[in-house]
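Those protein sequences? They're chains A and B, same order as listed. Note that my numbering gives residue 509 to position 7 of the first sequence, counting from 1, and the numbers run on in steps of one. Note that my numbering gives residue 928 to position 426 of the second sequence, counting from 1, and the numbers run on in steps of one.
Derived from the structure by calculation, the hints contain no laboratory data.
Taking beta-carbon pairs under 8 Å as the criterion, some of the chain A residues facing chain B (in silico): (1) Gly657; (2) Glu661; (3) Glu781.
We put the CB at the ideal spot given by N, CA and C, even for glycine.
Listed below are the residues making up each chain.
Protein chains: 2
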Amino acid sequence: MLPELDGIEQSTDPALLRQKSRDFYWYSPILKARLDGLAAECWVRPRDEAEVLRVLTACRARRIPVTVRGGGTGNYGQCVPLQGGVLRDTTAMHRPLALEDGVLTAEPGARLIDLDLWARERGWELRLWPSTKRSATLGGFVAGGGAGVGGLAHGTMRERGNLLGARVATMEDPPRIIEVEGIAANPVNRTHGTTGVLTRLRIPLAPARSWRDVAVAFPAYGQALRFAHALSFADGIAKKMCATFDPRLPPCFRGLSVPEGQSLALLMVTRAGLLATEELAREHGGAIVAEQDAVAAERDPDATPFYEYCWNHTTLHVLKRDRGVTYLQCRFLFEGTVEAVEQSAALFPDEVWMHTECVRFGGRATMTALPVLRWHGVARLREIMAGFEAIGVGIANPHVLTIEEGSGYRRVPGDQLGFKRRVDPLGLFNPGKMRDFSPVEEHA
Amino acid sequence: MLPELDGIEQSTDPALLRQKSRDFYWYSPILKARLDGLAAECWVRPRDEAEVLRVLTACRARRIPVTVRGGGTGNYGQCVPLQGGVLRDTTAMHRPLALEDGVLTAEPGARLIDLDLWARERGWELRLWPSTKRSATLGGFVAGGGAGVGGLAHGTMRERGNLLGARVATMEDPPRIIEVEGIAANPVNRTHGTTGVLTRLRIPLAPARSWRDVAVAFPAYGQALRFAHALSFADGIAKKMCATFDPRLPPCFRGLSVPEGQSLALLMVTRAGLLATEELAREHGGAIVAEQDAVAAERDPDATPFYEYCWNHTTLHVLKRDRGVTYLQCRFLFEGTVEAVEQSAALFPDEVWMHTECVRFGGRATMTALPVLRWHGVARLREIMAGFEAIGVGIANPHVLTIEEGSGYRRVPGDQLGFKRRVDPLGLFNPGKMRDFSPVEEHA
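Chain A extracted, bound-state conformation:
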């Protein structure tokens, strides 16, 4: 306990510290071995910017590292403190603050589902959310996520215009709050809390739609892929999500009944797009096997919105039945996308269960994949990644800790390193996560 932080919610309870220092890094056996047992020494939950600044001032004076945690839904140990120190929990700063002209201003600890429902009551919805929407926070999504549902309409959080601005607490001398907006906000976008402590975010929303969850089954996986790809390019059909699954995956999806051996596509489309979607599915040999109101399913604790089978929830559903798997993250080129997915799925047919998500990068539709794969050790994982890369598939390795080694194609343009040197000269924000950084000032 730091006496300077009197009055700020805090704890040094070891069980709480263990719990709050973890995320879902354990999908990766490599990260599990590396991160298990790491924990902060003190958990603090400031309620406002003034309390945040008090925390940072105390930590700066004592050269204590500060790691930020939202919902703890990351998969790369984004919120796991590598060097102990203080864990700043954002969840007491969870208020939506304003919604004007389709722009939401909110505190970083707001859960995405709460923000979405709040916005929805006002005619708007989030452009993007992760499959962990029910527990993830806005700040965590901006700082450590940024891709997910909505990606085939709006791209990822790195696309120009998807993050409008932020207020950020720095570790300067003394710590202070700065405002960044437009491209000047890029250095705090997806940097795992290494470039400042977010205290407020401004993001544009989309008009609220009545999304339908749709499940389409296909006799062959290639049909599902071709359907999904065609749907991505069908500008007349408003859509929020489209994922494809190897036939070995749907049996792991509790609550969703897909005919044995069939491949699956899961979509979110508007009701107005249902007829065209059904026609497109039929042309590709598919049939709709389930359909539901996506928003109602999300609000019903007993229901599963289909996005909770997608993105990295897919891996989770398999892990619930079989702890012997992990996953990869791949990106395919804009041309020959479907063929490249098929080719990579055929490389390691028994070990890799293909799962793709339709997304847009830089305004162009393609697919990413989060295939589930059988874990046979680090050497085999390297072989599989090398096999994929050898046929031109990009790998965003989810088994690494630093921003630089991670999801290269999600990295945001901008001078993150220069920004960090300025706002965190001592290197106290989430140390170890930005590989290329070394402290500007000597620690005392």
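Please build the complex by placing chain B on the supplied structure of chain A, with the hints as guidance.
Relative to the frame of chain A, chain B by itself:
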């Protein structure tokens, strides 16, 4: 006058017939020479489907051609009767009928601006509209247009899902109303009234947005082009329109002040997208020179929404000052788009004033061009078109009368010809406009 049509609004007044038998084909000196003086022999304005069927029954019995006219805003003589006969005016059937789940059902004679304002009061807006939105009708846009504002978000009317269904009066024996939906509606999509008389249409809408008209000026046309292309691919910026103009064009735009010699881009973006748009413009050397509320401008009879400088309004603004010009319609490939526009603009620098519109085809962003060109006769026009085609630019020749010779890339997939044989065996619907059709039944 046909006695069978007693009680249906009609006229054989020569002045009215001349007026109602025309559209804006006169932008083309070729079409002007071909169509001037052509007129229907009788104008009828049925109020409902029963009256439409009475008209068709009478015309079928007497083998009288039937040509349909909405707002008369076409540029290819779509509503000009080549063989006289009856002109069916749609404008008495102008009601919006339903709006449910974002799907609008309306009569074909409804003006697009009226439908858009009606929908907007209910939280929705048209996905697509032509620059002639203030006078064009829904039926005319579906039957003879289909491209325009919104095209860089939703593609053209030919994209799957942009036309959901229609009710169509046929010239079978006896004439009847049929319903078509989904891809089965393709044969009445953009066929200039040759495949039936639309009596009702069903289209999906987009959630209403508060669009901002933005004018950005650039020192060089290449900068405007590159900015527009980048904006097309900026998925984080919600947008409805983006056009670029050679510096010789803006001086023709009354009400819009652009610095002398500067090239222009006109956009519709949301207020939430303004900051990112401005940053992108600045990176391309541009500066915002005008901005207004697009919807307010549309409602104000003294104001000009910026879309009324775009699409084929551009040509009109030049024609108002200089009757010695006409225009072309070009389409550029998905790769090397900007370079192809520059290359084609450089081919005939004095005669061709480039004007492009950002659009999407089949889910991919590109540009079309409607360059204004100095008229030096048919032979020179052919040379210019051949010059463009020689460098790989597609030409949608706007100086022809038939669907087949016209805008090939806007043609809708489907068996239009087979459909026409079934619903119009005598070939009485707008005869001469579907080149490949010959009557199935002999005329009596």
